[in-house]
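A.B. asks: What follows is the residue order along each chain.
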Amino acid sequence: MAKTLYDKVWQAHIIDQIGEDSLIYIDRHLIHEVTSPQAFAGLNEKGRKVRRPDRTVGTMDHSISTRSLAIDACGPANALQLQTLAKNCEEHGIQLFPVGHQKQGIVHVMGPELGLIQPGMTVVCGDSHTATHGAFGALAFGIGTSQVEHVLATQTLKQSRAKSMLINVNGKLPVGITAKDIILAIIGKIGHAGATGHVIEYAGEAIRDLSMEERMTVCNMSIEAGAKAGLVAPDEKTFAYLEGREYAPKGQDWEDAVAYWKTLYTEEGATFDTVVELEAADIAPQVTWGTNPGQVIGVNTPVPAPEDFSDPIEKESAVKALEYMGLKPGEKLADVAVNHVFIGSCTNGRIEDMRAAAQIAKRGKVADSVTAIVVPGSGNVKRQAEAEGLDKIFIDAGFEWRLPGCSMCLGMNDDKLVAGDRCASTSNRNFEGRQGRGARTHLVSPAMAAAAAITGRFADVRDYQE
Amino acid sequence: MSEQGFTQHTGIAAPLDQANVDTDQIIPKQFLTGVTRAGYGKHLFHDWRYLDLEEKEPNPAFALNKPEHKGASILLARENFGCGSSREHAPWALADFGFKTVIATSFADIFYGNCINNQLVPVALSSEQMDALFAAVKANPATQITVDLPAQTVSAGDESFTFDIAEHHKTNLIKGLDAIGQTLELTNKIETFESNQPTWL
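Protein chains in written order, with our numbering: chain A, 1 to 466; chain B, 467 to 667.
Note that these hints are calculated values from the structure, not bench results. Check each hint, because a few of them may be wrong.
Below, computed lysine-lysine pairings styled on BS3-like, alpha-carbon distance capped at 27 angstroms [said to hold, decoys possible]:
| # | chain 1 | residue 1 | chain 2 | residue 2 |
| --- | --- | --- | --- | --- |
| 1 | B | Lys532 | A | Lys320 |
| 2 | A | Lys320 | B | Lys508 |
| 3 | A | Lys362 | A | Lys320 |
To be clear about the criterion: a stretch of chain A counts as covered by chain B if any three or more of its residues have a C-beta under 8 angstroms from a C-beta of chain B, and this derived list gives those stretches [unchecked claim]:
| # | region |
| --- | --- |
| 4 | 11-19 |
| 5 | 29-41 |
| 6 | 78-88 |
| 7 | 152-160 |
| 8 | 187-196 |
| 9 | 248-256 |
| 10 | 306-319 |
Simulated coverage check for chain A against chain B, where a stretch passes if three residues somewhere in it have a Cβ under 8 angstroms from a Cβ of chain B [said to hold, decoys possible]:
| # | region |
| --- | --- |
| 11 | 121-127 |
| 12 | 142-149 |
| 13 | 406-414 |
| 14 | 422-433 |
Predicted model only: the values in this text are computed from it and were never measured. Using N, Cα and C, we set each Cβ at its ideal position, and we do this for glycine too.
Could you build the full structure based on these sequences and the hints that come with them?
C.D. replies: Below, the structure written as structure tokens:
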């Protein structure tokens, strides 16, 4: 029977069958300070060892300051969490990239950057945006802390096979439309829980045309559609991205690896449980209007009314969301003022995102009413951006240029908003209170965020195209 | 992780009648800086439960604060409960608050798995069945609801519903097994698998 990409990666990792579950091997385990301390404590209580410290890599990202390299810059609780990670990594022989290290960064930015993620791998992390790594054709998914402990101790997980979903984005992407717009449009179409229980494979011309970083942006938000993971079949772009990176195979291993990676695609005739089709030409720059990522519209579409939804749950959610967001049905986004802009996160904190935002930033100045911050996703992104002079463009335009970390995506540090603030954000969640209690988050692409910073309102980035 | 099993539980319920309750609502980020599994219950649903940041002023309109739901050990919810992040702090907070089970129309995948690993029993019922439970609690907040895991039933008054749960999840919840200990018994198979992996990994 013809196999999907998911079938191939899944089957290659089954160690044993335990009832309805499979025991699968985990090739790469990424850890960070927030979801690992209790897992190490559990190991230590039972006197258990980390089975494969060589397959485990740690970084500091969630709880750190973006203004200071001091470990205690965000208070004693954050400091203890960071110190605990450092201690655990040292005791168990795990490579850690701490604050201030050139290779430190948001786990889903620094991992691929170092070549730690390769096609056909199984990758886990105690973080739901682990789906990012599916861009390489790796089966990558977020896990809870009990599972982090299980992987540390055994390098395996018990899993049941997910359902499969194929999402085809057909045709060429129009000018000014980005990977962020693609994934927001997908979530808008299938809904915030539309892919629950599924592993998505993204395919079609518009996906094939994306760079590796753009594919990461798409796969990153698979979880926002409820999916377990998102995959893109590896191709020449994938191999070119990986070649020469620190942890990528070298010499004969490289040749052997590429030969294997070339077998990782969905075969003709393979079937999926669900198939979704989108036309790239129909996608406009996306802006979320509500409090879940499925509540999203094109920038020129009026804010919907609850009556526009036939489903009673969606209708009720819309009532609550409009109230929280302080928006009225029919309102134009071009009339909605923002007072904060956040550019960064594991969704949009990579060098191409910095370039896209800088392209717009150089056209003007941040509006007086707006505070705008740019947070590179890693030390390497920061260095590269500075080498290209992007930091200067941002600073000259009135943006703050910060140190790498998760920052205002979730505000575990001091980068957070207060009630009533309205933020154009390149992050991944617009939940109530996500960026600060009572604060309002609108998810957009980096270019759209930069345009919002300059105009002080939502603006159609296509008006800025040369 | 817990080694105590769950078989049956009877208690009163707190109704949280809305869809898409996300993990940022269950336990907001400012409470994720701990390094232990304990003490998250007091921050459960912080933004909705308290009018102030210091947690001194309970919001009287929020279900968990209503006197008639005091002592609730069962949470009723709707579609896509627990969506969002993988933070296991969410089930830790629910369990620490005193919930033994969450009955909802559907759950987000990672949250569901995290519940299983923490002996917090996730029960999925149809929206009509959830309507009936919400109505029963509304009519009489003292309604005793029983979740019987071996029988896979939820009963309240004269009503009784069956629910689906994967056999291995059910077994783990009932027996409270040490999942890591079980897997470590398969170390030989893990070693064999590793010895067959390509050299570049």
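A.B. asks: Give a verdict on every hint.
C.D. replies: Tested hints:
no.: 1; hint: B:Lys532 <-> A:Lys320; result: holds, 21 angstroms
no.: 2; hint: A:Lys320 <-> B:Lys508; result: holds, 25 angstroms
no.: 3; hint: A:Lys362 <-> A:Lys320; result: violated, 38 angstroms
no.: 4; hint: 11-19; result: holds (count 4)
no.: 5; hint: 29-41; result: holds (count 5)
no.: 6; hint: 78-88; result: holds (count 4)
no.: 7; hint: 152-160; result: holds (count 6)
no.: 8; hint: 187-196; result: holds (count 3)
no.: 9; hint: 248-256; result: holds (count 4)
no.: 10; hint: 306-319; result: holds (count 3)
no.: 11; hint: 121-127; result: holds (count 3)
no.: 12; hint: 142-149; result: holds (count 7)
no.: 13; hint: 406-414; result: holds (count 3)
no.: 14; hint: 422-433; result: holds (count 4)
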